[in-house]
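A.B. asks: Based on the sequences and whatever the hints tell you, model everything.
Just so you know, the protein sequences line up as chains L and C, in that order. With my numbering, the residue at position 98 of the first sequence is 98, and numbering never jumps. Count along the second sequence starting at 1, add 179, and that's the number in my numbering.
Keep in mind that the hints are not guaranteed to be accurate.
[Stated by the list, open to error] The calculated EDC-like cross-link candidates involving lysine to aspartate or glutamate, where the alpha carbons are at most 20 Å apart (straight line), are: (1) C:362 <-> L:127; (2) C:246 <-> L:73; (3) L:174 <-> C:207; (4) C:321 <-> L:55; (5) L:175 <-> C:209; (6) L:174 <-> L:127; (7) C:246 <-> C:207.
If you are wondering where the hints come from, they were derived from the structure by calculation, not from laboratory data.
Listed here are the chains, written in short residue letters.
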Amino acid sequence: MVISCEEVWREISNYLEGEVDASLRAAMEEHLRGCKHCTAVLDGMRNVVQLYGDERMFEVPLGFSHRLHRRLEENMPGNRRSFLGWMVAAAAAVLVAGSFEVARSSVFSRSELRSEHAQPGTGVPPDMMVVVSGDGKTFHAAGCPFIHDKAHIQTIQAREALRQGYAPCVRCMKKYLTA
Amino acid sequence: MPEEVTSLEHPAKPFNEEMLIQRIRNGEHDLFYELIRPYERRVYSTAFAILRNEADAEDVAQEAVLKALKHIRQFRAEARFSTWLTQITINEARMWRRKEHANLMEPIVDRQDEEGNYTPRDFADWREIPLETLERKEVRQKLAEALASLGEKYRETFVLRDMQHLSIEETAKALGISTASVKTRLLRARLMLRDLLTPGLGGSWSTKMFFAKGTKPW
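C.D. replies: Structure below.
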């Protein structure tokens, strides 16, 4: 089967998708071997698909995720109160247990929390090394699956993380929050 | 000596979206953050593909996510959550544009005849471009500009299929068009982008000149 350039162009996108049948594919490949123009079109199209398909093409504005979560918090149905209530209760329990050293170094001297969602972590040992990421709001134990933006992580002391307004991850730091 | 944490209470599990959605429906609303996290960028870029404006795209992305939260009970398990969310985002973006920017001019290419044949320009060979070039902001910028210059129907289709890697069927569903239309638009979008980018990316790669303004090849 001999096909023209026009026919190749019409099917070239499907060809890239692997969506042409065997005989058409063979005819197109035969044509491409002898046609510089069509080969250049195919190469160019392949480049386009590869470049745009790369994750790096997605750029979101700085702080996008943070602002999105804030809006979500404002709009969370009823559950939000009980979650906050639980966090407050946990914080209170820790205070009552007499962890004044921790309280002094974290709650009272901390800068503003990075998120309303985040609550002060009062039971976390201040010397423990934890992981934070630039635009994250919480600090984590190394290896926690909920670390946000793994490309930009930093390991610092819990004391310092709290001072910078990070709050403990409610998952990997759970045992300290409920202690 | 820093205390070492060697084990986690909840080791990483395969992400079970269906279960997450069920639990959110049963009242564990805080899990919605987890559900949405992998898709935040996608929602934004879908909105951006339609609106071509960062501020509008962010507003619409937020609205779309809020809507998904609000209507999570209406989500039907036979669709993928990502497709459903993309559909919501597209609807929100279209509504936004109609409401707020009804008078904005659409590029002239929107009126192009989809069925008509398109002749790709006869440029010299475009050798493979290493993906590392995407580290360069000006390259990403040029790619974004080229995409923004496409008519909306081509842009939407291209973004969903080639940037967000939805299948042809999912793209058709999200846009409410046939798979045949998806293929036609995809072909056209890819050809136009190739024509727009070849002079710059293929030839004068080392210079800052990619393609001169106002010289669209079609």
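A.B. asks: None of the hints should be skipped; say for each whether it holds.
C.D. replies: Now for the hints, and whether the structure bears them out:
1. Annotation: proposed proximity of residue 362 of chain C to residue 127 of chain L is violated, straight-line Cα distance about 58 Å (limit 20 Å).
2. For the hint linking residue 246 of chain C to residue 73 of chain L, the alpha-carbon distance of about 13 Å falls within 20 Å, and the restraint holds.
3. About 17 Å separates the Cα atoms of residue 174 of chain L and residue 207 of chain C, which keeps this hinted pair within 20 Å; it holds.
4. Taking the CA atoms of residue 321 of chain C and residue 55 of chain L, the gap is about 16 Å. The hint holds against a cut of 20 Å.
5. Of the supplied pair hints, the one linking residue 175 of chain L and residue 209 of chain C holds, its CA atoms being roughly 19 Å apart against a limit of 20 Å.
6. The suggested pairing of residue 174 of chain L with residue 127 of chain L holds, with an alpha-carbon distance near 17 Å, which does not exceed 20 Å.
7. Between residue 246 of chain C and residue 207 of chain C the CA atoms are separated by roughly 17 Å; this keeps the pair inside 20 Å, and the hint holds.
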